[in-house]
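Residues in the sequence shown are numbered consecutively from 71, following our numbering.
Take these hints with a grain of salt, some might be off.
Simulated pairs of lysine to any residue, SDA-like, Cα-Cα distance not exceeding 20 Å [what the hints assert, rightly or not]:
no.	residue 1	residue 2
1	Lys136	Gln104
2	Lys187	Ala118
3	Lys136	Asn175
4	Lys145	Ala118
5	Lys161	Asp116
6	Lys187	Glu152
Source of the hints: derived by calculation from the structure; they are not laboratory data. Only a predicted model underlies this, so the values are computations on that prediction, with no experimental measurement involved.
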Amino acid sequence: MAETKTAKTTKVKSTKVIKKKVKKTVNTGMAFVQSTFNNTIITLTDEAGEVLGQGSPSAVGFKGAKRSTAFAATKAATEVGERVVKKYGLKEVKAFIAGPGAGRNASIKGLDAAGIKITMLVDRTPIPHNGCRPRKIPRK
Numbered sequence: 071m072a073e074t075k076t077a078k079t080t081k082v083k084s085t086k087v088i089k090k091k092v093k094k095t096v097n098t099g100m101a102f103v104q105s106t107f108n109n110t111i112i113t114l115t116d117e118a119g120e121v122l123g124q125g126s127p128s129a130v131g132f133k134g135a136k137r138s139t140a141f142a143a144t145k146a147a148t149e150v151g152e153r154v155v156k157k158y159g160l161k162e163v164k165a166f167i168a169g170p171g172a173g174r175n176a177s178i179k180g181l182d183a184a185g186i187k188i189t190m191l192v193d194r195t196p197i198p199h200n201g202c203r204p205r206k207i208p209r210k
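Throw the hints in and build the complete structure from the sequences for me.
Here you go:
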């Protein structure tokens, strides 16, 4: 007669390690504004360059030619600023502006309206030293 052996199995209770997210608070950061003729993109980062929030008039709800207006840039900057202030507690930023668009100064006013203090303002618009020929000027 053949003997059958049965293995004894035990259930091991697995425990999951749950890591709590530590709320990141940032006091100072940087604001990058890229303003073109068609749109304005606002990015808020911390001192190391980690993106805290970004937005544009398109994300707020402006479509077509309305995206390029100063009002749209103000609304977008205010919305991004309020979101970052609420989530990270951002208080002051160094602002870096680039591009020739209408939303350059308007976006800074929007950040100010969101409760963010601007400590430094730098214009980083790339200017050619007689490089490529520029685009033709549109007819009026």
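The hints, checked one at a time:
Of the pairs offered as hints, the one joining Lys136 and Gln104 holds, with about 16 Å between alpha carbons and a cut-off of 20 Å not exceeded. Taking the CA atoms of Lys187 and Ala118, the gap is near 19 Å; set against the 20 Å cutoff, the hint holds. Straight-line distance between C-alpha atoms of Lys136 and Asn175 comes to about 17 Å, which keeps the hinted pair within the 20 Å bound. The hinted pair formed by Lys145 and Ala118 fails the criterion: a straight-line CA distance of about 26 Å is larger than 20 Å.
Between Lys161 and Asp116 the CA atoms are separated by roughly 11 Å; this keeps the pair inside 20 Å, and the hint holds. Note on Lys187 and Glu152: the hinted pairing holds, with a Cα-Cα distance of about 12 Å set against a maximum of 20 Å.
Hint 4 from the list above is the single one not met by this structure.
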